[in-house]
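K.L.:
Can you make the complete structure from the sequences, with help from the hints?
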Amino acid sequence: MPGVGERIDPYPAYTFFVEISGLVQASFSECSGLEASVEVTEYAEGGLNSYVHKLPGRVKYADLTLKHGTAGSDDLWKWFQDVAQGKIERKNVTIVLYDPAGNEVRRWSFAGAYPIRWTGPELRAAEGKVAIDTLVIAHQGPI
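Numbering (this note's numbering), first residue to last: 1 to 143.
There could be a bad hint or two in this list.
Taking lysine-lysine and the BS3-like style, the derived pairs with C-alpha atoms no more than 30 angstroms apart in a straight line are [claimed, not checked]: (1) 67 / 78; (2) 78 / 91; (3) 129 / 78; (4) 91 / 60; (5) 67 / 91; (6) 78 / 54; (7) 54 / 67; (8) 129 / 67; (9) 87 / 60.
Beta-carbon label-pair distances, calculated as ranges [as the list claims (entries may be wrong)]: (10) 86 / 42: 18 to 28 angstroms; (11) 136 / 4: 37 to 47 angstroms; (12) 5 / 108: 40 to 50 angstroms; (13) 9 / 51: 38 to 48 angstroms.
Derived by calculation from the structure, the hints in this document are not laboratory data.
Since the model is a prediction, treat every value here as computed from it, not as a measurement.
Backbone N, C-alpha and C define an ideal beta-carbon position, used for all residues, glycine too.
P.N.:
Next up, the structure:
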């Protein structure tokens, strides 16, 4: 608990690791899709005109989008190829956020994940950019 007048800074978004089935995949440059929403059903009660009841429904989770520099390992590409051929192997995926001192501060874990889209790097000889692969992963929700 911070003391009186002590400033609490938010955590930086650049220090994170991705674990897939317990193996750390540290080379990701971007992760998005940490999102959940609850569907709402509106119910208008007869004789009650001042408001509409809003009832919670299903929870939906966004797909995770992971971007990383194309490197020596092609394990993620092989995982996608297996899914594309009907050999779906669901894995647990965890995103771990660290503070500047290297301490773990937040962990988001998702069950039953598998890749649903892979995008290869844009290759342009005139530009000196890093080749980036993008992998979109569907999952069944948090663990």
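K.L.:
Decide, hint by hint, whether the structure agrees.
P.N.:
Hints and how they fare:
About 16 angstroms separates the Cα atoms of residue 67 and residue 78, which keeps this hinted pair within 30 angstroms; it holds. As the CA atoms of residue 78 and residue 91 are separated by approximately 14 angstroms, the hinted pair is consistent with the 30 angstroms bound. For the given pair, residue 129 sits about 24 angstroms from residue 78 by alpha-carbon distance, which is consistent with the 30 angstroms threshold. Of the supplied pair hints, the one linking residue 91 and residue 60 holds, its CA atoms being roughly 19 angstroms apart against a limit of 30 angstroms.
Proposed proximity of residue 67 and residue 91 is supported: the alpha carbons are some 18 angstroms apart, at most 30 angstroms. For the hint pairing residue 78 with residue 54, the CA-to-CA distance comes to about 45 angstroms; that exceeds 30 angstroms, so the pair is violated. Taken as a hint, the residue 54 and residue 67 pair is broken in the structure, with Cα atoms around 37 angstroms apart against an allowance of 30 angstroms. Restraint check for residue 129 and residue 67: the C-alpha separation of about 14 angstroms stays at or below 30 angstroms, so the hint holds.
Only pairs whose Cα atoms come within 30 angstroms are accepted, and residue 87 paired with residue 60 is accepted, the gap being roughly 25 angstroms. Restraint check, residue 86 to residue 42: a C-beta distance of roughly 40 angstroms breaks the suggested window 18 to 28 angstroms. Under the hint 37 to 47 angstroms, the C-beta atoms of residue 136 and residue 4, about 45 angstroms apart, fit the expected range. Taking the beta carbon of each, residue 5 and residue 108 are about 32 angstroms apart, not inside 40 to 50 angstroms as hinted.
Checked against the hint of 38 to 48 angstroms, the C-beta distance between residue 9 and residue 51 comes to roughly 40 angstroms, which is consistent with it.
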